[in-house]
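2 protein chains.
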Amino acid sequence: MNTDTPALKLYDLDISGNCHKVRLLLSMLGLAHERIRVDAPGGESLTAGFRRLNPRGQIPVLVDGDTVIWDSMAILVYLARRYGDDRWLPTAALAEARVMQWLAVSENELLYGLARARATLRLGRDFDLAQCRRDAAPGLAAMQARLDGHAWLAADHPTIADLACYPYVALAGEGDVSLEPYPAVRAWLERVEGLPGWVPLRE
Amino acid sequence: MNTDTPALKLYDLDISGNCHKVRLLLSMLGLAHERIRVDAPGGESLTAGFRRLNPRGQIPVLVDGDTVIWDSMAILVYLARRYGDDRWLPTAALAEARVMQWLAVSENELLYGLARARATLRLGRDFDLAQCRRDAAPGLAAMQARLDGHAWLAADHPTIADLACYPYVALAGEGDVSLEPYPAVRAWLERVEGLPGWVPLRE
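As they're listed, the protein sequences go chains Y and D.
Quick note on numbering: the first sequence equals residues 0 to 202 in numbering that gives the first Met the number 0.
Quick note on numbering: the second sequence equals residues 0 to 202 in numbering that gives the first Met the number 0.
Okay, chain Y solo, but in the shape it has when bound (with noise of 0.2 angstroms):
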């Protein structure tokens, strides 16, 4: 690969978690990229140019050749099955559905109770804060319960289920749910943390 032009480009912006679990994947499999900023709090991803590259009208979506994948969950998969191997994503069945166990709890409870919240307290939106309490609450209770006595979420190694949940729970303060109540979950941050080739929110 010529690196100074990169196959892969990520419509990214820098605060979005969502694009954090990409660049995570992206960084730890150690694959060059160009990062293409979208503002998107300004509306830069519901134009009907963006929606051409995403009909959801969000960020991120990673450009691979002439190949255009949207949504941060699919991305990853894309990532790992293309460019890693299948520690990050496994594919014996039942492997395979551990993992997605908890990219589904990304989706969920960390997306809609997590990142809303923040979303809320620092971006200028507008979601039901104690409904965000209560969409949070099972997932992070669910995380403690396998955290306590496993090393990571879906494996007895990291996988991108890891990395998948990673953002938003690291995040949490940002919008006011704390983490007091899950020290397995704050011991698991420390150790994604200290991943080869783990790479803050804001570089």
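Watch out, some of these pointers could steer you wrong.
Copies of the same chain look alike in the list, so a pair counts if it works inside one copy or between any two.
Below, computed lysine to any residue pairings styled on SDA-like, alpha-carbon distance capped at 25 angstroms [unchecked claim]: (1) LYS8 x LEU93; (2) LYS8 x ALA154; (3) LYS8 x LEU200; (4) LYS8 x ALA92; (5) LYS8 x ALA144; (6) LYS8 x ARG145; (7) LYS8 x ALA91; (8) LYS8 x ALA94.
It is worth saying that the hints were derived from the structure and are not from the lab.
With chain Y held as given, fit chain D onto it using these hints.
Chain D alone, transformed into the frame defined by chain Y:
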């Protein structure tokens, strides 16, 4: 398999769209299974006993011998990989990612938009209906854009993406969300209902 004592048990409720996703795939794969009714609206999925099966306190839960899998998306992935062929869930990176894009829509716009609107109007829950409609719209628009010219969501044949997206779109009217603006989505609902092994929500 001895169909008198099926190895597969589904913790289930007939009115649950998330359970319907799983019943559709079980039926289309021809898998004998026992259905165990859980009164989730009455709180039965929130008991300590049920949380030993699923720490999130939700249905559906699939038990396959000694294996317990929670979350409808994870169960679809498990069943497709374990008992299906790769038409239901491809293994190639891009083809799998295309399925994941629509599984993400099913977990986001369709669940937080359509399912919550229905739960509010029909099941006594108390979500913000205006927010539900805002959440649903980009998902339905993305489906309309895809299905206007393609028969199925993620491939040129049905995949678990179609089964994951079907139930809450079929139930959109119960949340007073009109599908009038989405004619290709309405035609696709009929195609899903014509698949061999399709079963209605309530049997």
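Now the hints, each set against the structure:
1. For the identical chains of this complex, LYS8 and LEU93 are inter-copy neighbours only, at 16 angstroms across copies versus 32 angstroms inside a copy, given an alpha-carbon limit of 25 angstroms.
2. When the C-alpha separation of LYS8 and ALA154 is checked against a cutoff of 25 angstroms, the pair qualifies only between copies, where the shortest distance is 24 angstroms, while the shortest distance within a copy is 30 angstroms.
3. Taking the closest pair of Cα atoms, LYS8 and LEU200 come within 25 angstroms of each other only inside a single copy of the chain (18 angstroms); across copies the shortest separation is 42 angstroms, beyond that limit.
4. In this homomeric assembly, LYS8 and ALA92 come within 25 angstroms of each other (Cα to Cα) only across copies, at 17 angstroms, whereas the closest approach inside a single copy is 31 angstroms.
5. Within a single copy, LYS8 and ALA144 get their C-alpha atoms only as close as 37 angstroms, which misses the 25 angstroms cut-off; across copies the closest is 23 angstroms, which meets it.
6. Taking the shortest alpha-carbon separations for LYS8 and ARG145, only the inter-copy value of 23 angstroms comes in at or below 25 angstroms, while the best intra-copy value is 35 angstroms.
7. Proximity of LYS8 to ALA91 under the C-alpha cut-off of 25 angstroms is restricted to the inter-copy arrangement: shortest distance 21 angstroms between copies versus 30 angstroms within a copy.
8. Only between protomers do LYS8 and ALA94 lie at most 25 angstroms apart by alpha-carbon distance; the minimum there is 19 angstroms, versus 30 angstroms within a single protomer.
In summary, this structure violates none of the numbered hints.
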